[in-house]
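For reference, the chains in residue letters:
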Amino acid sequence: MDPQGHDAMTDAALDGEIRRALAVNPSPEFLARVRTRIASEPDPAARRLSLVLVALAVVAVAIVAIVAISHRRPAWTETPAPLTARPFVGTAALVSLPPANARTFRSMNAGRPRTGDLKPEPEVLIAVDEAKALRALISGIREGRIVLTPELRAVPVTSEPLSVDEIAIEPIAITPIAPATGETGVR
Amino acid sequence: MHEYTDRLPGSVAAVNAELEREFEARLIESSTLAFRIAFSVLRHRQDAEEVAQEAFVKAYRRFTQLRDRDRFRAWLVRMTWRLAIDRQRNDRRRAVREQHHEIAPAPTAVDDVLARERADQLWRAIDALPDKLRIVIVLANIEGHDVAGVARLLALPPGTVKSRLFLARQRLKEQLQWTLKGTTR
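These protein sequence lines map, in sequence, to chains A and B. Anchor point for the first sequence: position 98 equals 98 in this note's numbering, and the numbering is continuous, going up by one each time. Anchor point for the second sequence: position 35 equals 35 in this note's numbering, and the numbering is continuous, going up by one each time.
It should be emphasised that the hints constitute simulated quantities derived from the structure, not laboratory data. Just so you know, even glycine gets a beta-carbon here, dropped at the ideal spot from N, CA and C. One or more of the hints may lead you astray.
As a list, the in silico SDA-like pairs of lysine to any residue whose alpha-carbon atoms are at most 25 Å apart [stated by the list, open to error]:
hint : chain 1 : residue 1 : chain 2 : residue 2
1    : B       : Lys58     : A       : Ala55
2    : B       : Lys162    : A       : Arg19
3    : B       : Lys173    : A       : Ala55
4    : B       : Lys58     : A       : Glu29
5    : B       : Lys58     : A       : Leu56
6    : B       : Lys173    : A       : Asp15
7    : B       : Lys58     : A       : Ser40
8    : B       : Lys58     : A       : Val54
With beta-carbon atoms standing in for the labels, derived distance ranges [stated by the list, open to error]:
hint : chain 1 : residue 1 : chain 2 : residue 2 : range
9    : B       : Glu24     : A       : Ala13     : 37 to 45 Å
10   : B       : Arg124    : A       : Pro42     : 37 to 45 Å
11   : B       : Ile28     : A       : Ala55     : 32 to 40 Å
12   : B       : Pro158    : A       : Thr10     : 18 to 26 Å
For reference, chain A alone in the conformation it holds in the complex (with noise of 0.2 Å):
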């Protein structure tokens, strides 16, 4: 007993106490609630299945993107091979002359598709004809063979010569210089 004069609460009254408070059972229809409610789910077995058959998929996903990525990303990722001069017309059977750049492109990428995003310098074309009669031209004046004076003067000259106007210019006085004693060769 407490000094107020109450009975210190033992622990199995404790317990009793908390044991009659949880005495309680569910309703009847509980269990078979349960079971209906279980009834419209997919079997463990099955709903297991269907999982590990979605993570394959998953992983068969992530696999083509990773393969798809890693072929693409070569095209980028190497430095184009460094432009070099050269000339405009060069060798006598040179039709079609790519840029440097393009022409290791193309060599990197053989058998490949080209991606639509890279755009490589326009190539130069000069049809075999006219670059045969360029040269046979350029020749052809070296040598003297081909005088261009008559076809020059024939141009005709559209523009109107330009009037200038006569400038007066007066005539400048010398006077000669002589020493004062008349004497020359004399300093």
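Given the structure of chain A, go ahead and fit chain B onto it with the hints provided.
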């Protein structure tokens, strides 16, 4: 039980039938345990049944990993407790409690009133406990679990359960004696 069973190969269907039997046994064995745990938190019969049912559905979905009896019961206890705590925090229906109807019938009207008052005080004291003390004292008084049994259900060392049980009892006794003194003055 399921339409899937008919479509699956024979071995898988047999496995499923075995799983169904095992789960039915666990359901019968643990339904009162789950319900009382939920009731100790919610003290509303319908809410407690709903929470226990939800816990069993979750257990069924993971039953291939919970076939061991001890593992199943431990998992069910923790899941039911967690669901009940969540429900208690979110559900406003908790205001209507059934605790008055759960007390053992009293022989006289005066005894009945006193018993109700005492039960109210007890539940208020239990509610005031921290969660980790509350679940220990509740489990120790459901189905007569001893310290080792509670330790297995909560996956805690027996020493931890023992100290928490001691602390919970101390606090409850202090609280109940204080309220008794207050009501008798």
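For the pair supplied as a hint, Lys58(B) and Glu29(A), is the alpha-carbon distance within the 25 Å limit? holds, 20 Å
Check the hint pairing Lys58(B) with Val54(A) against an upper bound of 25 Å on the C-alpha distance. With a Cα-Cα distance of about 20 Å, the restraint between Lys58(B) and Val54(A) holds, given a limit of 25 Å.
Does the structure keep Lys173(B) and Ala55(A) at a Cα separation of 25 Å or less? violated, 54 Å
Given the hint of 37 to 45 Å, check if Arg124(B) and Pro42(A) actually sit that far apart at their C-beta atoms. holds, 43 Å
Verdict for Ile28(B), Ala55(A) (Cβ pair) under range 32 to 40 Å: holds, 34 Å
Holds or violated: Lys58(B) to Ser40(A), with C-alpha atoms at most 25 Å apart: Within the cut-off at roughly 13 Å; holds.
18 to 26 Å as the expected CB spacing between Thr10(A) and Pro158(B), which holds or is violated: Since the Cβ atoms of Pro158(B) and Thr10(A) sit about 22 Å apart, the hinted range of 18 to 26 Å holds.
That 37 to 45 Å hint for Glu24(B) and Ala13(A) (C-beta), does it hold up? holds, 39 Å
Quickly compare the C-alpha distance for Lys173(B) and Asp15(A) to 25 Å and report which way the hint goes. Since the Cα atoms of Lys173(B) and Asp15(A) sit roughly 10 Å apart, the hinted pair holds (cutoff 25 Å).
Given the hint that Lys58(B) pairs with Leu56(A), does the C-alpha gap stay at or below 25 Å? Given that 25 Å is the threshold and the Cα spacing comes to 24 Å, the pair holds.
Would you check the hint for Lys162(B) and Arg19(A), treating anything up to 25 Å between C-alpha atoms as holding? Between Lys162(B) and Arg19(A) the Cα gap is close to 18 Å, so the pair holds against 25 Å.
Tell me if the straight-line CA distance from Lys58(B) to Ala55(A) falls inside 25 Å. holds, 21 Å
Of the hints listed earlier, the one the structure fails to meet is number 3.
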